[in-house]
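Trainee: Listed below are the residues making up each chain.
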Amino acid sequence: MAKNFYGEGLPGVDGDELHGKLIVIEGADGSGRSTQIERLTAWMERHGHAIVNVGLKRSTLVSDQLDIAKRGNILSPTTRSLFYATDFADQLEHIIIPALKSGFIVLADRYIYTLIARDIVRDADRAWVESLYSIAVVPDAVFYLKVSPRLLVERNFDKNVVLDYWESGMDIGLSRDMLESFLKYQKLIQNEFANMQQRFGFEVINGNRSPRAIALDLQARVARIIGGIPIDQPERETTQTLAIKSDNGTIEREPRIETNHVHSFSISAEEVNV
Amino acid sequence: MRMELRKPKDIPGKLIAVEGLDGSGKSTQIYLVKRWLEMQDMKVFFTEWNSSNLVKKVTKRGKKEQLLTPTTFSLIHCTDFADRYERQIWPLLRAGFIVLADRYMYTAFARDVVRGCSHLWVRNLYSFAMEPDITFFFKVRLETALDRILSARPQLKYFEAGMDLGLSSDPYESFRLFQQRIHQQYESMEETYHFRVIDATRTVEEQQQEVRELIQSRIDLPHFKKRSRVSMA
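Each protein sequence line maps, in turn, to chains H and F. Quick note on the working numbering: the first sequence kicks off at 1 and runs consecutively. Quick note on the working numbering: the second sequence kicks off at 1001 and runs consecutively.
If you're looking for bench data, these hints aren't it; they were derived computationally from the structure. Backbone N, C-alpha and C fix where the C-beta goes; we use that ideal spot for every residue, glycine too. Please note that the accuracy of each hint is not assured.
[Stated by the list, open to error] Straight-line alpha carbon distances no greater than 30 Å define the calculated DSBU-like cross-link-like pairs of lysine-lysine that follow:
hint : chain 1 : residue 1 : chain 2 : residue 2
1    : F       : 1060      : F       : 1034
2    : H       : 57        : F       : 1063
3    : F       : 1043      : F       : 1063
4    : F       : 1064      : F       : 1043
5    : H       : 57        : F       : 1060
6    : F       : 1157      : F       : 1057
7    : H       : 101       : F       : 1063
8    : F       : 1064      : H       : 57
9    : F       : 1056      : H       : 57
[Said to hold, decoys possible] Sample of chain F residues with no beta-carbon within 10 Å of chain H, all distances over it, derived:
hint : residue
10   : 1097
11   : 1144
12   : 1158
13   : 1194
14   : 1202
[Stated by the list, open to error] Short, incomplete list of chain H residues facing chain F, as computed with Cβ under 10 Å:
hint : residue
15   : 8
16   : 62
17   : 75
18   : 77
19   : 79
20   : 82
21   : 83
22   : 90
23   : 127
24   : 141
25   : 201
Could you put the whole structure together from the sequences, leaning on the hints where they help?
Mentor: In structure tokens:
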């Protein structure tokens, strides 16, 4: 039940008091993170579990300042790293740890890994960045939604019509062409996630599949951690709407799937009964 | 895990830092050094702890609303330092300036560790910064420093008094205990970080004399004259 920290932990926090579960979903913008988090939250709440959702850049302390600073060119790589780390630490101490102490399930929309990957890709010293985030609680599970950069492009255009400056890594000068920069940047990030995978024990989830297939895959994996929670049956799920509601309330089709990445959806009986 | 602190050899500038308790007189001394160098037409730049505009709002808000934990307190001060370091201290050192720093990373080493942060974590946090060429530690007896600050009965702020440590509910008593612990941290760093200990119980003039002599013996000052003037060489 107790939790560990990556490093020496936080002043005044005892890992033995952290009785809840910490589940992390990682993945690029457009990897389907928020959709999956919504589904997981609804599913767990339906079965009576108390969920606390956390994400990056949501702390009351610095998120406004980060937004302002991002607009200009006033952040150096080190100050940006430190601002994000401050934001993370603020949420860790004010939301995640109290929730874990009270036995909640904390569902994190990204965690330190995205922050580490972004910094490393920008040439930060690995030992420095990892020490910075050694204050973090080791999660019970980390699911990394891996989506091919090409499919990410499609989904980002579908959703926002433009590619995001930072998610395209335009600040590092990989290419003057935004699409090319986006593809290169996402590739670099994926490589860094591959580097981290072993060390941090990620479970890599094929994110090129339909949201439904991914959701059931995630349920099966989360059920192993939480225990005593039945996963949805595929039949039951199909009776629900396949469409996803986008932010502006319109109903969208399911994201198109590259045929060469499609994994047929199946869940074995053993997995269901775990 | 800890990286070696950067100690570049071919940096044309020089970095001089002052450290010490509140009330040790270090700010007065560094100000006098600054005036002394300026009046000789030297390339000199002065920077102060916790003064970056980038971070000011966050610090102010966090402190006012008491949102800061030891960890975020430490990170915010490091962000402030990194901003000044990367935009001023480091470029100026490479451009051949004498940079004077009123408090440097040792202030964080002392305060953050007293607040409960891991010793190793804090040192790692600042591992991007170089060690100064000279670090003056203005050492006074704890009681002397406390008298200098407290005799004026100032309105001590929450974090300034170390109230967040929960040492005492009385701000003055809390400040005393907090300063005492910081004093111990400074003493434990003297050797490791090659502090030049200045006896700060002596007169301002005596201390300044010693400081100037040491700077002159360690730094080839004429070398730092502005180019608009004819070189001494």
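Trainee: Hints first: check each against the structure and report whether it holds.
Mentor: Here is how each hint holds up against the structure:
{"no.": "1", "hint": "1060/F x 1034/F", "verdict": "holds (28 Å)"}
{"no.": "2", "hint": "57/H x 1063/F", "verdict": "holds (20 Å)"}
{"no.": "3", "hint": "1043/F x 1063/F", "verdict": "violated (35 Å)"}
{"no.": "4", "hint": "1064/F x 1043/F", "verdict": "violated (37 Å)"}
{"no.": "5", "hint": "57/H x 1060/F", "verdict": "holds (19 Å)"}
{"no.": "6", "hint": "1157/F x 1057/F", "verdict": "holds (17 Å)"}
{"no.": "7", "hint": "101/H x 1063/F", "verdict": "holds (25 Å)"}
{"no.": "8", "hint": "1064/F x 57/H", "verdict": "holds (21 Å)"}
{"no.": "9", "hint": "1056/F x 57/H", "verdict": "holds (19 Å)"}
{"no.": "10", "hint": "1097", "verdict": "holds (19 Å)"}
{"no.": "11", "hint": "1144", "verdict": "holds (30 Å)"}
{"no.": "12", "hint": "1158", "verdict": "holds (16 Å)"}
{"no.": "13", "hint": "1194", "verdict": "holds (23 Å)"}
{"no.": "14", "hint": "1202", "verdict": "holds (37 Å)"}
{"no.": "15", "hint": "8", "verdict": "holds (4 Å)"}
{"no.": "16", "hint": "62", "verdict": "holds (5 Å)"}
{"no.": "17", "hint": "75", "verdict": "holds (8 Å)"}
{"no.": "18", "hint": "77", "verdict": "holds (8 Å)"}
{"no.": "19", "hint": "79", "verdict": "holds (5 Å)"}
{"no.": "20", "hint": "82", "verdict": "holds (4 Å)"}
{"no.": "21", "hint": "83", "verdict": "holds (6 Å)"}
{"no.": "22", "hint": "90", "verdict": "holds (5 Å)"}
{"no.": "23", "hint": "127", "verdict": "holds (6 Å)"}
{"no.": "24", "hint": "141", "verdict": "violated (24 Å)"}
{"no.": "25", "hint": "201", "verdict": "violated (20 Å)"}
The structure is inconsistent with the numbered hints 3, 4, 24 and 25, although it conforms to all the rest.
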